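*Asks:* Sequence:
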Amino acid sequence: MEHYKKFSLIIYSLIILIHTILYLFFDESFKSFCFGSIPMILMIIAVLMNKLEKK
Numbered sequence: 000m001e002h003y004k005k006f007s008l009i010i011y012s013l014i015i016l017i018h019t020i021l022y023l024f025f026d027e028s029f030k031s032f033c034f035g036s037i038p039m040i041l042m043i044i045a046v047l048m049n050k051l052e053k054k
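At position 17 of the sequence shown the residue is numbered 16 (numbering that gives the first Met the number 0), and the sequence of numbers has no breaks.
No lab work stands behind these hints, which were simulated from the structure alone. None of these values were measured; they are calculated from a predicted model. Certain hints may be false.
Using 30 Å as the maximum straight-line C-alpha spacing, the simulated DSBU-like pairs for lysine-lysine come out as follows [to be verified]: (1) 53 x 5; (2) 50 x 5; (3) 53 x 4; (4) 50 x 4.
Produce the complete structure using the sequences and hints provided.
*Replies:* Structure follows, in structure tokens:
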């Protein structure tokens, strides 16, 4: 249980880091695409984590 919480924290921080790097290095259209997809990615990961914790 604790292991999954640490794992999800690592994944969340990795996603934030990756999107920050993308934000710094890519142009406006790419930025808007990335930041539009953040909530969807986070929701998918949250759902996956919930399924793992219920098992």
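*Asks:* Taking the hints in turn, state whether each one holds.
*Replies:* For each hint, the structure was consulted:
1. Proposed proximity of residue 53 and residue 5 is supported: the alpha carbons are some 16 Å apart, at most 30 Å.
2. For the proposed pair residue 50 and residue 5, the alpha carbon gap of about 15 Å is at most 30 Å, so the pair holds.
3. Simply put, residue 53 and residue 4 have alpha-carbon atoms about 12 Å apart, close enough for the 30 Å limit, and the pair holds.
4. Between residue 50 and residue 4, the direct Cα distance comes to roughly 12 Å. Compliance with the 30 Å bound is thereby established for this hinted pair.
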